[in-house]
Every structure is written in C-alpha cells, then in structure tokens.
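Chains A and B are the protein sequences, given in the same order.
So for the first sequence, the working numbering puts the first residue at 59; every next one is plus one.
So for the second sequence, the working numbering puts the first residue at 15; every next one is plus one.
Treat the hints with caution; some may be incorrect.
[Stated by the list, open to error] Okay, derived cross-link-like pairs now, SDA-like style, lysine to any residue, Cα gap no bigger than 20 Å in a straight line:
#	chain 1	residue 1	chain 2	residue 2
1	B	369	A	105
2	A	107	B	40
3	B	355	A	100
4	A	107	B	363
5	B	369	A	115
6	A	107	B	362
What the hints contain is simulated information worked out from the structure, not anything from laboratory work.
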Amino acid sequence: MTEQNFEAAKSAPTNAEDAENAATTKASKQVIVPDISGLLDQIDAVLEKNSEEFVSGFVQKGGQ
Amino acid sequence: MSLALPRRIFGVETEYGITCSMENHRRLTPDELARYLFSDIVDEYRSNNVFLPNGGRLYLDVGSHPEYATAECDQLGDVLAQEKAGDEIVSQMARAAEAKLASEGIDGRVFVFKNNTDSSGNSYGCHENYLINRKLDYLQHLDGLLPFLVTRQLFCGAGKLLITSHGIVYVMSQRADHMWDAVSSATTRSRPMINTRDEPHANSDKYRRLHVISGDSNMSETAMLLKVATMDLVLAVMEAGAIPATLRVDNPMKAIRDVARDLSGQALVQLQDGRTLSAIETQRIYFDLVCANIGRFSWELSDLHKQALSLWGQIIEAFEDGDLSAFESVLDWRIKLQLLKAFQDEQGLALDSAKLAQVELMYHELSADRGIYNLLLAQGRIGSVIAKSAIETAIQTPPQTTRAKLRGDFLTAAKQTKTSIATDWMHLKVNLPVERSISLPDPFSSSDEHVQDLISQM
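This is chain A alone, in the form it adopts within the complex (with noise of 0.2 Å):
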C-alpha cells in the first residue's frame, strides 16, 4: 500500500501569528508545522525503540 491512501495534503500558509492562533478552537493551520523535522524528531525521541514488538504486544481483552 503507498500513500495514495491517504489524502493529499492540502498546503495551509503558515506564519507566527497563525502559531498564536492556533490556541483557539478556529485554528486554521496544520498541526505538523511549522518545524516538521523538529516535531518528528520530538516524537521519535520519546517513542519506545521496537515498534514492532511495542505494537503487537498491546492486547487488551473486549470491555464493556
């Protein structure tokens, strides 16, 4: 599967007063930038190494 699946993304203007803006409930920017690499790297610092063994080892029985 490639990206096709996923929506193209529409490019929003980005600027600092649309940074401040972004507070309100109305914020009409992206949440990856600005700073994508920055952001990204934020999260692979926090993320657990192994992905793999992370994510299949998460089973948690039905509720309800």
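Given the structure of chain A, go ahead and fit chain B onto it with the hints provided.
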C-alpha cells in the same frame, strides 16, 4: 419570549487500554498491570470499583480496562472538565504504578491509551449517556437518531489505520467497524450503536437513559465538545417530535462503515424511503433541523452550545467546499492523518509498518511527556476548549449543578472523617454507627437537606 434549551443530564464513560514496556522484566499481562494501576485505589477503598470525591466512578472493567465514568453533568463545560479529569486521574495512576514497579526493582514504562482498539482488533468503548424524557415513544424515535449517529464521525471520529481485505486504509472512526447492531439491549454481544438497557439511575417514571456506544474516544477537546453538544441539540429536536419519520437509515451497519471509509464525507447513506444522501448532506439536514427548532422554540443556548453549533456549521461547510484546512488542528482524525502522513513522507514508511501503527497508538497515550496528542497540545499546535485549571479542579470537585454535588460532598466528608459509607449513582449510605441510606432519584437536584444532615453527623 426566549426559553432556555431544555436541561439535560449527560455523562461520558471511557474505557482505557493499558500496556507497559519493561527494561529488566518480562512484559506484564494486562491483568498484572491493572493490579499495579489500581493498587493505591484498593489500598484506600478496599475495592477496585469506587466513586470518587468528584462524583465520578472509577473501576476495573472486564478485560483489565480501567474505566472512568464522569459524574452527571448538565453543563457542557462540566462534562468536558470531568472527562479530562478522568484522563488525568488514570494517567496519574500509571505514574504511580511505574513508581511502585521501580520500588520493586522493575524498571519500565506504563502506557494508558484513550483509544478504542488494540493491535489484535479487540474494541472497547467510549459511551455517552443522555437523560431523556420517559414519555416519548422511545424505540420509534431512536431510529431517527441513526442517520445522525452514523455520520457524526465526520467531526468526532478519532481516525484509524484499518486492516481490510484490500490492505490498510485510513478511516475516520475507530469504532465504526465494531458496530454490529443499531438498537439493542445487549452491549458486548451484539454491540449496538444505541443500547436500550433501561437503567436511568433516576426516577424511572420520568426518565430514560439513552446509552450511545458508537462513539470514538476523543483526545481533541473540540471533538469532545462537538460530540456531546450536537447530540444534546439533536435530542432536543427529537423530544420535540421534530425529526421527520422519513429520516431512517436502510442499513446502519453498512452506512457507518461506508462513511468511515470516505474521508471526503461523500459516502452515500441509503435511506429506507429509497433516497440516498451523502454523509455531509445528512449532517446538513440535522444541522438545519436544529437551527430551525432553535428558532421555533426560541431556545436560548449556553455559550458553549453556541460555539459548538457555529463550529458544526463551519465544518459542514468546509466538507461541502472540499477544504478542511481550517480544521486540521481541531479534529482528531485530521490531526492524526497529518501526523501519519508526515512520518510516512519523512521516513519513507509503508502504511503497514509497525512504526506508523506505533505513532497512531501513541497519539492516544495520556502521559504528558510521551503522549503525542499532549505533546502537540503543550506546543500550542492544537487548540483547547477547557482551561487547565478547570480540569485540575474537576479532579477533586464535582459539577455543582446536579446530584453529583451531593455525592461529591458526601464522599469528601466521608474521606475527611474516615466514615464507612457506600454509594451508587442514586444512593448514599452511611454504614456506622447506624446504617442510614438516602435515595436521590432527581439527578437535576444539587441540594438535599437529608444529605446535609447525614454529612453533619459524620
């Protein structure tokens, strides 16, 4: 003359997934982990099924799920604060479990997920409760909610990478593919969208409790707000008898799955009268119905109802225009979609990679330093609806305008005086020196002289 929107009691129950990652020990089973998570609660209450001073209920559910039910609320701000307080309480339990494990020489991290599926396809829920008028011809009216319920995932879906026979696809809703019935009295076996179990936890001559189990757990406060506010408004229309009898879905289980799979909102919903409506058109109809009835009855809305109504309209318009860019940082399924796409693009990941599954899972994790949603929130990339201080208050303090205040005050007093008591949603009981019980059948009432009397004798 303007009238307030009819007052309604609502509350949200959340089941959390738990797991851990160990440095120097085998991974604990969910049962073992749950025991660590609940050890402080069991020490304090001698039970893993308790009511808390904020009026909510915390318990260990079947399948080793921590579950938290908010106290009964009649204000949208309260239900948001109480739900977030529950997230915080369970997250604090995870930190305490880590500390306890460490004290036993086991180094590891405990994870709590506010999502609805594990990696082997088990599903657990986020159930909404709404008190409705007993006088209604209940079952007949409930069918009028289904077109709304199968399409509201457009704004309150939490998004999911779903494994299908055609490969992995991203869908809007976590729960859509786990719904096996439309309206039923069973929860686990047939997992209906609306559960009809008749437990109002209130005067059963006057009220019924509508138990909606098709919703996703939300991280986004805006999605949480929209989920409860729009349902409250649609129920007001239903109680006014104003949902047209022609709004009936032909096959709700197919519809909820089809809607989940079309991220443009254009999936078609087949109605029983032969019409087909797109998911967006369906939402537009309910939105217009709500607006028309607000005009007809001159309902006065709270500020949060107004905010939710306005956002609901804007989101429908955005779908109609095919441009959701204004809601990228607002709706859970949009936030997560961008995040997954960014990882996929930057790191060349396949859709079925474990890394993407991990990122998806960690979006829902509740710790302040590892949970991706919380990280985005802390950086101001996601907006909030409710002040942090209101959430902190709600950890200890019940909603002040409902029966929850009586329960919360009673439990706080019992805690301070170390009085032996028992409670459920409708009863408060002092065990000693003489057993005395009070029944509270009116969930709208936040004062009761008998409760004051009982507290003063502690």
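A quick look at each hint next to the structure:
1. Simply put, residue 369(B) and residue 105(A) have alpha-carbon atoms about 9 Å apart, close enough for the 20 Å limit, and the pair holds.
2. For the hint pairing residue 107(A) with residue 40(B), the CA-to-CA distance comes to about 16 Å; that is within 20 Å, so the pair holds.
3. About 16 Å separates the Cα atoms of residue 355(B) and residue 100(A), which keeps this hinted pair within 20 Å; it holds.
4. For a cut-off of 20 Å, the pair hint linking residue 107(A) to residue 363(B) stands: about 15 Å separates their Cα positions.
5. This hinted pair checks out: residue 369(B) and residue 115(A) have alpha carbons roughly 14 Å apart, not beyond 20 Å.
6. About 17 Å separates the Cα atoms of residue 107(A) and residue 362(B), which keeps this hinted pair within 20 Å; it holds.
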